[in-house]
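If you want the building blocks of each chain, they are given just below.
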Amino acid sequence: MNQNRNEIVLQTQHLTKKFGGLTAVGQMDLKVHRGEIISLIGPNGAGKTTVFNVVTGIYKPDAGNVIFNGENIQGKKPHQIVAKGIARTFQNIRLFPNMTCLENIMAGQHCRGTAGVCASIFRTFGQKQEERRIKEISENCLRQIGLEKYKDELAKNVSYGNQKMLEIGRALATHPKLLVLDEPSSGLNPRESEDLIDFLKDLVKEDLTILIIEHDMKVVMGISDWVTVMDEGRKIAEGPPDKIYSDPLVIEAYLGKEEDDMEL
Amino acid sequence: MQVIIEQLINGLTIGSFYALIALGYSMVYGVLKLINFAHGDFFTLGSYIGYTILVFGSALVTSHFGLWGGLIAATMVAAISLAIVGILVERSAYRPIYASGRLPAVVSALGASILLQNAIMVIWGPRYQAYPASLIPNIHLHLGGIHITLLQLVILIMSLCLLGILYYVIQKTTFGAAIRATALDRDTAALMGINFNTVILFIFTIGPALGAVTGVMVGSYYRQISFTMGWNYGLKAFTATILGGIGNLPGAMFGGLILGVLEMLGCAYISAAWKDVFVFLILILVLIFRPTGLFGETIAEKV
Amino acid sequence: MKNNTSFKSVRKLTTDKIWLLVVLVLFFVYPFMVSNYYIDVAFFFGIYALLGLSLNIVLGEVGLFDLGHAAFYAIGAYTTAILNTRFGIPIIVLLPVSAFAAGLFAYVVCSPVIHLKGDYLCIVTIGMGEIVRLALLNNPFDLTGGPNGVFGIDFPSFGIFEIDSSIKFYFLIWVVVALGIIGLIQLQHSRIGRAWNCIREDEIAAEANGIDVRYYKLLAFVLGAALAGVAGNIYASKLMIVSPESFSFMESCMLFCIVLIGGMGSIPGVVIGAAAISLFPEIFRPFAMYRMLIFGLVMILMMIFRPGGIWPRKRGVI
Amino acid sequence: MKNSKLMRVLMIMGVVVLSLVLTGPSVVGAKEPLVIGLQAPITGPWAYEGQMAKQSCEIAAQLINQKGGILGGRMIEVRVVDDEGQPKTGALAATKLVGQKDVVAVVSTYGSSVCEPASNIYEKFKKVNIGYGVTAVRLTQRNMKYFFRTCGRDDSQGEFFAKVAKERFNAKRIAIMHDNTAFGKGLAEDTKRGLKQMIDSGKTQIVYYDAITPGEKDFHVLLTELRESKPDLWYFTGYYAEAALLVNQAREIGIKFPFVGGNAAINDEFVKIAGLSVAKGCFMTNEPLPSDLPSTEAKEFLKAYKDKFGEIPSSPWPVYAADALNVIAHAVNESGSTDADVLSDYLRNKANGVPGVTGPIGFTEQGDREGVPFYLYVVDAQGRIVVSK
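Chains as they are written, first to last, in numbering that gives the first Met the number 0: chain A, 0 to 263; chain B, 0 to 302; chain C, 0 to 317; chain D, 0 to 388.
There's no promise every hint is true.
Claimed, not checked - Straight-line alpha carbon distances no greater than 27 Å define the calculated DSS-like cross-link-like pairs of lysine-lysine that follow:
| hint | chain 1 | residue 1 | chain 2 | residue 2 |
| --- | --- | --- | --- | --- |
| 1 | A | Lys155 | C | Lys313 |
| 2 | C | Lys116 | A | Lys155 |
| 3 | D | Lys195 | D | Lys165 |
| 4 | A | Lys155 | B | Lys32 |
| 5 | C | Lys116 | B | Lys32 |
| 6 | A | Lys59 | C | Lys116 |
| 7 | D | Lys66 | D | Lys307 |
| 8 | A | Lys76 | C | Lys167 |
| 9 | A | Lys30 | A | Lys204 |
| 10 | C | Lys167 | A | Lys150 |
| 11 | D | Lys162 | D | Lys195 |
| 12 | A | Lys204 | A | Lys242 |
| 13 | C | Lys167 | D | Lys162 |
| 14 | A | Lys76 | A | Lys30 |
| 15 | C | Lys116 | A | Lys17 |
| 16 | C | Lys167 | D | Lys100 |
| 17 | C | Lys167 | D | Lys125 |
| 18 | A | Lys127 | C | Lys16 |
| 19 | C | Lys313 | A | Lys148 |
| 20 | C | Lys167 | D | Lys144 |
What the hints assert, rightly or not - Label-pair ranges, simulated between beta-carbon atoms:
| hint | chain 1 | residue 1 | chain 2 | residue 2 | range |
| --- | --- | --- | --- | --- | --- |
| 21 | B | Gln170 | A | Gly20 | 21 to 31 Å |
| 22 | D | Arg141 | B | Leu140 | 48 to 58 Å |
| 23 | D | Arg167 | C | Phe154 | 41 to 51 Å |
No lab work stands behind these hints: they were computed from the structure.
Ideal Cβ placement from N, Cα and C applies to all residues, glycine included.
Whole structure, please, built from the sequences with the hints as guidance.
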């Protein structure tokens, strides 16, 4: 069924996560293919963010494992997973508020640097070079997300939309292979959403895979190559966006059973 | 076998003092997340005021109501005056700093503690003061061969009653719910119509007053007070609050009692010199395996 | 240097240069103008500056709530005292040794507890501080000399040049403090300093952006402890005796106040905080009984009017 | 831009250093009076002891000045420096006094671990310093030229206790308890050494040896352990505050065996806190109390002290401070010079039987006080501390 799609980048096998008695995610199998934008959608409480947090190592799964580029990363610490190439953003923005925008981006570069304590104290040549490289890359990154004029502005003083972009920029600064975005368009006005869609589209051209959790159907339809739908911790459907849009199971999950005459 | 019971009672007596102070401590600490170093000195000030009342004012009281009357009068006056001092300290040292975060509040609390401690030294002098032996009822009891004084029994019972009353007020009444709500999340509680100032007024009167009552109890039981004793008791109360779990008032009570028993075990079965080391080691072990204290619920950090 | 230096920043640079000169001149002239007493007061000011800087790494940079920092100071002082009096190892050799001992102690003690948050970590550090002090007091294996402490510690000497007078100690401590300041400024502007600040701002976000939070927290504790160990070494060799009273819980509280009053994460602020905490009692000596009363009052007022500290850290241009 | 932060740091240090310079008063002492320094814990945990020492020295100086002063009419002036009972501030106080050239000699301080760093500084700057409340044996084992002490040593008190335990109490099982302070633990260790000879001969054994934590209030647990070890004699070498609590709580849990305190354990504060019913019958090994001092100087000193301050000092140490001042004044007057070497030689070799409040004053080769008698005191029915038979 998945005709011309290239190899799998990320795969979860029977992923299960329980909080006390509640099974937030049960036997979830998710496949993400290289160079695509995959959307993970579903009603609130479907367990989307939980899958997210398990994949990025914030939560330990109760069962099942997570394969990334053929390597099982289940149980690894978040910073190790980032080093492997999965970068993420958060549902409610978690920037470093009292640090400048440039410093926020440079934080993303951290796992790519190697300077140790002695190198930093004695300012060895390699360390100076690395600092210069980090600074340049960060400035390019800022330019790429259009925030270079806020370079020395504290992150908390920048507008909400820009903070969203800054968080994506910070994730990009870790040179990821897979970018995992948690509701990137929430809180953005329509114009900002369009900019976001275009921005993400040309990101993918640079051999980057994107997995998004999203509610805004317009964004999902406009951007995704593949959609997976979750409800009550289980996958109920997956496929190209237009097929999913008309799938009765999906509509039922979203809008409940009785209303048959749902106008689209 | 008898000795073990006796030691247990000794441990519980120390524990009940720690529990009472820890309760006053965690009322402020639970709600404001403020390490109130000055609380140890509220305790000391309470015992000094109790001492002054007993020595000077009580001649007329004890003549009418006997020894116990004098003691109760001293406790009342100490509690009321400490309630006032509590409010004064809150208004002057803590209120201006609520907005600027928790760490500056710690320094301010330290400053308040040093200020109070030295104020007591300046007023009452650096010497040890002694609760007059004649004014304190001193009756020895032999319950089944166990040596216990009436005062020790009364204090054990009184502290358990006070703990019970406060447990009821905090856990069962609506006003108690308001306090617990403010402890968990001040802003949302305020949105629910809980007036933050009345909660502050309550905790900064009951907390210090409780410290004062404990101060008079310790003064009358050990009959010797010094202006630096608040510092040790304050540290023990903070340890008990953490052991029980932050913001959890019953936890602070049990934390205090457990701390007392731990100290007893350390002193009896290891050595008196190493008992505090033993207590702190146990505390650290508890925190390694239960990062939010014995009764503190592990709230998952919502991401 | 920034290439497009506007006129204002050029002027600022030159005034800084002049100020540096004034400070250096004063630094060299001061000990020869005043009596030994004021040189020793400046020496203890230097010790507290070094301790303030060491705690600043843990509390100021990473935001870890450490109220037991005097334990590392004690480990450094006692390592120097015991090794010097028992095995006659020269003090200068013991300087790195006591830094290493304090750092190793920090690593061993903090590893199992580094995951604790805020106040829970605070009580563990208080517990650690008390355990160290009480262990020193109880004289295990007849090593620490109990309440009498260890005495008869030699002076530091580089071959023939021996540091035995107040003036020489004054220069020794302030050279070490200056080196510490330079090292810490470099660290602040490095990848490591940024990682520490990220952890202080938001631990979860830092971990999710590739910063090994556990490693950097431990690194902060080890470096802070090592610097405190150095301060312990110099203190022991100056006083020729170390006893448990100098490393009490109140001492840790004072170090905490130095960083808070000075300004969290701000190196000049911490040095000023150390000046406030160490010079205040000496300047107000004539008030005797009321001295500490005023000291407590000043701490409260300071936090009301300058909660961010005397010289708070400005997130400047990089 | 980076080094601007460094410059600002050094700039601020400059300002601080500048302020220090301005506050450095240049001390111009009046030429005439002969200044004797007193280093004592005026504030801090031992503030009470410090203040009594200050008053005692003032009285001693007042008495000498009334008799026309020394060296042909030069009045004695006492200059007090507070060391807060802490080693660090002890060193600072010593440096302060040493810097003042007009200070002839120093009566220095209470507490062995504070006296240690201070005496090192006095030694280096050649200033005679006499300890008045420092009983640690090691202080005079450092063959120092300028350090003396007017109070006794722990080991002499330890031997005295061993003699008392054998002859007076004929105790087979002895319990020793100290409070982990420099003084308390030192005396406990020396008492163990004093008893060694009796222990080896199998006549007695130490059934309990432990320490309380100073500042604590509740000792029931510890005392229950003590009671279970069933000693015949209980020796506590700590201070009176904890001693009163211990004795009080011991009676509460039914301890009957006699209590003997070290020389800092029993005074009128002890009787007040413990209460007469409990304090009655408690013993103490102590140097002669002011009230029992036979010499005429003692009577005169106590009368002057009582007239000025209303009560006599309640512990032996302040009186030793007064005697330290007396012996310095005497040495300066007899040797006719204020040079440290002359004074130290006079004190070490020529000063024997100098009339003092605590009896005749003389020093051994290492600077210890010669012939310090110890008495066994007991609290009598009226709460007075008298020499026991």
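Outcome of the hint check:
no.	hint	result
1	A:Lys155 / C:Lys313	holds, 15 Å
2	C:Lys116 / A:Lys155	holds, 24 Å
3	D:Lys195 / D:Lys165	holds, 12 Å
4	A:Lys155 / B:Lys32	holds, 25 Å
5	C:Lys116 / B:Lys32	holds, 13 Å
6	A:Lys59 / C:Lys116	holds, 20 Å
7	D:Lys66 / D:Lys307	holds, 18 Å
8	A:Lys76 / C:Lys167	violated, 50 Å
9	A:Lys30 / A:Lys204	holds, 20 Å
10	C:Lys167 / A:Lys150	violated, 47 Å
11	D:Lys162 / D:Lys195	holds, 12 Å
12	A:Lys204 / A:Lys242	holds, 24 Å
13	C:Lys167 / D:Lys162	violated, 51 Å
14	A:Lys76 / A:Lys30	holds, 21 Å
15	C:Lys116 / A:Lys17	holds, 24 Å
16	C:Lys167 / D:Lys100	holds, 22 Å
17	C:Lys167 / D:Lys125	holds, 19 Å
18	A:Lys127 / C:Lys16	holds, 24 Å
19	C:Lys313 / A:Lys148	holds, 19 Å
20	C:Lys167 / D:Lys144	holds, 25 Å
21	B:Gln170 / A:Gly20: 21 to 31 Å	holds, 25 Å
22	D:Arg141 / B:Leu140: 48 to 58 Å	holds, 55 Å
23	D:Arg167 / C:Phe154: 41 to 51 Å	holds, 49 Å
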